[in-house]
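With the first letter of the sequence shown counted as 1, position 16 gets the number 16 in this note's numbering; the numbers rise by one all the way through.
Worth double-checking, as some hints may not be accurate.
Claimed, not checked - Label pairs and their in silico Cβ distance ranges:
#1 92 to 117: 18 to 28 Å
#2 159 to 97: 28 to 38 Å
#3 92 to 150: 18 to 28 Å
Claimed, not checked - Taking lysine-lysine and the DSSO-like style, the derived pairs with C-alpha atoms no more than 27 Å apart in a straight line are:
#4 88 to 150
#5 59 to 80
#6 59 to 150
#7 170 to 111
#8 150 to 130
#9 114 to 170
#10 59 to 111
#11 170 to 59
#12 150 to 108
#13 80 to 130
#14 103 to 80
#15 24 to 158
#16 130 to 88
#17 150 to 170
#18 130 to 59
#19 150 to 80
If you are wondering where the hints come from, they were derived from the structure by calculation, not from laboratory data.
Ideal Cβ positions, reconstructed from N, Cα and C, are used throughout, including at glycine.
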Amino acid sequence: MQLIDRVRKSEHLGREFLLWLWWKSETQNGRFEVGEEIVELWFDRRIILESESDEGIEKIVCSGDNPHLREARFALTENKQITEAMVKLVIGDGEWTFSLDSKWMNFKGFKTPKVMLDDDEDPDGLFYEKYFLIDRALSVMDAIYAAFVKRRISPEWKTEEIPALLGWIKEGK
1 MQLIDRVRKS
11 EHLGREFLLW
21 LWWKSETQNG
31 RFEVGEEIVE
41 LWFDRRIILE
51 SESDEGIEKI
61 VCSGDNPHLR
71 EARFALTENK
81 QITEAMVKLV
91 IGDGEWTFSL
101 DSKWMNFKGF
111 KTPKVMLDDD
121 EDPDGLFYEK
131 YFLIDRALSV
141 MDAIYAAFVK
151 RRISPEWKTE
161 EIPALLGWIK
171 EGK
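Please put together the full structure from these sequences, using the hints given.
Right, here's the structure in full:
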(Lines of atoms letter the chains of each structure in order from A and count residues from 1; the text may use other names and numbers.)
(Lines give C-alpha, C1' and ligand atoms only; values in the text may rest on other atoms or scores of the structure.)
Protein backbone atom coordinates (compact mmCIF):
# COMPACT_ATOMS: atom_id res chain seq x y z
CA MET A 1 0.00 0.00 0.00
CA GLN A 2 1.37 3.39 -1.01
CA LEU A 3 1.97 6.02 1.66
CA ILE A 4 -0.71 8.32 0.26
CA ASP A 5 -3.26 5.48 0.36
CA ARG A 6 -2.43 4.79 4.01
CA VAL A 7 -2.84 8.48 4.81
CA ARG A 8 -6.23 8.60 3.09
CA LYS A 9 -7.34 5.47 4.95
CA SER A 10 -6.45 6.92 8.35
CA GLU A 11 -6.89 10.69 7.88
CA HIS A 12 -10.18 10.57 9.79
CA LEU A 13 -8.14 10.02 12.96
CA GLY A 14 -6.46 13.40 12.60
CA ARG A 15 -9.82 15.08 12.11
CA GLU A 16 -11.29 13.23 15.07
CA PHE A 17 -8.28 14.19 17.17
CA LEU A 18 -8.64 17.89 16.37
CA LEU A 19 -12.37 17.77 17.11
CA TRP A 20 -11.80 15.90 20.39
CA LEU A 21 -8.98 18.29 21.30
CA TRP A 22 -11.16 21.36 20.72
CA TRP A 23 -14.06 19.83 22.66
CA LYS A 24 -11.84 18.85 25.58
CA SER A 25 -10.16 22.25 25.68
CA GLU A 26 -13.55 24.00 25.76
CA THR A 27 -15.15 21.69 28.33
CA GLN A 28 -12.10 21.34 30.62
CA ASN A 29 -11.19 25.04 30.68
CA GLY A 30 -8.17 24.27 28.52
CA ARG A 31 -6.65 22.00 31.15
CA PHE A 32 -5.02 18.68 30.28
CA GLU A 33 -3.25 16.39 32.69
CA VAL A 34 0.08 15.28 31.26
CA GLY A 35 1.97 13.04 33.61
CA GLU A 36 1.97 14.85 36.94
CA GLU A 37 1.49 18.35 35.57
CA ILE A 38 -1.41 20.33 34.20
CA VAL A 39 -0.95 22.09 30.87
CA GLU A 40 -3.33 24.42 29.07
CA LEU A 41 -4.31 24.07 25.45
CA TRP A 42 -6.61 26.38 23.50
CA PHE A 43 -7.73 26.68 19.92
CA ASP A 44 -6.59 30.14 18.99
CA ARG A 45 -7.71 32.57 16.28
CA ARG A 46 -7.92 30.21 13.27
CA ILE A 47 -9.65 26.98 12.30
CA ILE A 48 -10.07 25.50 8.83
CA LEU A 49 -13.00 23.16 8.23
CA GLU A 50 -13.96 21.17 5.13
CA SER A 51 -16.77 19.07 3.79
CA GLU A 52 -16.92 16.90 0.70
CA SER A 53 -19.92 16.49 -1.56
CA ASP A 54 -20.65 15.46 -5.12
CA GLU A 55 -19.96 19.06 -6.12
CA GLY A 56 -16.46 19.03 -4.61
CA ILE A 57 -14.73 20.17 -1.45
CA GLU A 58 -16.01 23.16 0.47
CA LYS A 59 -13.46 24.85 2.72
CA ILE A 60 -14.31 27.31 5.48
CA VAL A 61 -11.67 29.40 7.23
CA CYS A 62 -12.74 30.90 10.55
CA SER A 63 -10.39 33.40 12.09
CA GLY A 64 -10.50 36.25 14.52
CA ASP A 65 -9.96 37.23 18.11
CA ASN A 66 -13.19 35.63 19.35
CA PRO A 67 -12.00 32.97 21.80
CA HIS A 68 -15.04 30.76 21.17
CA LEU A 69 -14.85 30.77 17.34
CA ARG A 70 -18.64 30.61 17.06
CA GLU A 71 -18.70 30.38 13.25
CA ALA A 72 -16.45 27.33 13.40
CA ARG A 73 -18.69 25.76 16.05
CA PHE A 74 -21.68 26.40 13.78
CA ALA A 75 -19.82 24.82 10.84
CA LEU A 76 -19.48 21.63 12.91
CA THR A 77 -23.29 21.45 13.09
CA GLU A 78 -23.30 21.56 9.27
CA ASN A 79 -21.10 18.42 9.11
CA LYS A 80 -17.87 20.26 8.38
CA GLN A 81 -14.72 18.61 9.71
CA ILE A 82 -11.67 20.31 11.16
CA THR A 83 -8.64 20.00 8.90
CA GLU A 84 -6.34 22.53 10.54
CA ALA A 85 -6.31 24.55 13.74
CA MET A 86 -4.10 27.13 15.39
CA VAL A 87 -3.27 26.00 18.91
CA LYS A 88 -1.90 27.79 21.96
CA LEU A 89 -0.12 25.52 24.45
CA VAL A 90 0.85 26.77 27.91
CA ILE A 91 3.31 24.73 29.97
CA GLY A 92 4.29 26.37 33.23
CA ASP A 93 5.33 29.93 32.37
CA GLY A 94 5.98 29.15 28.70
CA GLU A 95 3.62 29.64 25.78
CA TRP A 96 3.87 27.89 22.41
CA THR A 97 1.73 28.49 19.33
CA PHE A 98 1.47 26.33 16.25
CA SER A 99 -0.96 25.10 13.67
CA LEU A 100 -1.90 21.41 13.54
CA ASP A 101 -2.80 19.76 10.24
CA SER A 102 -5.20 16.81 10.49
CA LYS A 103 -4.09 14.93 7.40
CA TRP A 104 -0.38 14.56 8.14
CA MET A 105 -0.51 15.70 11.79
CA ASN A 106 2.12 18.30 10.91
CA PHE A 107 3.06 21.21 13.10
CA LYS A 108 3.21 24.47 11.15
CA GLY A 109 4.38 27.93 12.19
CA PHE A 110 5.80 26.58 15.44
CA LYS A 111 6.64 29.37 17.92
CA THR A 112 8.29 28.67 21.24
CA PRO A 113 8.73 30.91 24.25
CA LYS A 114 11.39 33.52 23.56
CA VAL A 115 14.96 32.43 24.27
CA MET A 116 17.39 35.12 25.40
CA LEU A 117 21.13 34.80 25.01
CA ASP A 118 23.34 36.56 27.54
CA ASP A 119 26.68 37.95 26.36
CA ASP A 120 28.66 35.53 28.52
CA GLU A 121 26.74 32.40 27.45
CA ASP A 122 27.81 29.85 24.88
CA PRO A 123 26.10 30.64 21.54
CA ASP A 124 25.40 26.93 21.08
CA GLY A 125 23.33 27.13 24.24
CA LEU A 126 20.70 29.12 22.34
CA PHE A 127 20.31 26.28 19.84
CA TYR A 128 20.03 23.64 22.56
CA GLU A 129 17.56 25.71 24.56
CA LYS A 130 15.37 26.18 21.47
CA TYR A 131 15.62 22.46 20.72
CA PHE A 132 14.61 21.65 24.30
CA LEU A 133 11.57 23.94 24.05
CA ILE A 134 10.43 22.35 20.79
CA ASP A 135 10.93 18.87 22.22
CA ARG A 136 9.01 19.83 25.38
CA ALA A 137 5.93 20.88 23.41
CA LEU A 138 6.12 17.87 21.10
CA SER A 139 6.34 15.52 24.10
CA VAL A 140 3.25 17.13 25.65
CA MET A 141 1.34 16.85 22.36
CA ASP A 142 2.43 13.20 22.03
CA ALA A 143 1.06 12.51 25.51
CA ILE A 144 -2.24 14.23 24.70
CA TYR A 145 -2.51 12.29 21.43
CA ALA A 146 -1.77 9.04 23.29
CA ALA A 147 -4.61 9.86 25.72
CA PHE A 148 -6.90 10.43 22.71
CA VAL A 149 -5.94 7.12 21.08
CA LYS A 150 -6.39 5.26 24.38
CA ARG A 151 -9.86 6.76 24.75
CA ARG A 152 -10.64 6.27 21.04
CA ILE A 153 -10.08 2.51 21.18
CA SER A 154 -11.88 2.05 24.50
CA PRO A 155 -15.54 0.97 24.78
CA GLU A 156 -16.28 4.34 26.41
CA TRP A 157 -15.65 6.09 23.08
CA LYS A 158 -19.07 5.12 21.76
CA THR A 159 -20.96 5.14 25.04
CA GLU A 160 -19.56 8.30 26.68
CA GLU A 161 -17.32 10.39 24.43
CA ILE A 162 -19.39 10.41 21.22
CA PRO A 163 -22.70 11.36 22.92
CA ALA A 164 -21.00 14.14 24.94
CA LEU A 165 -19.12 15.40 21.89
CA LEU A 166 -22.28 15.44 19.75
CA GLY A 167 -24.08 17.34 22.52
CA TRP A 168 -21.30 19.93 22.52
CA ILE A 169 -21.53 20.27 18.74
CA LYS A 170 -25.31 20.79 18.93
CA GLU A 171 -24.75 23.58 21.49
CA GLY A 172 -22.79 25.42 18.78
CA LYS A 173 -25.89 26.30 16.74
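**Asked** Which of the stated hints cannot be reconciled with the structure, identified by number in ascending sequence?
**Response** 6, 7, 8, 9, 13, 18
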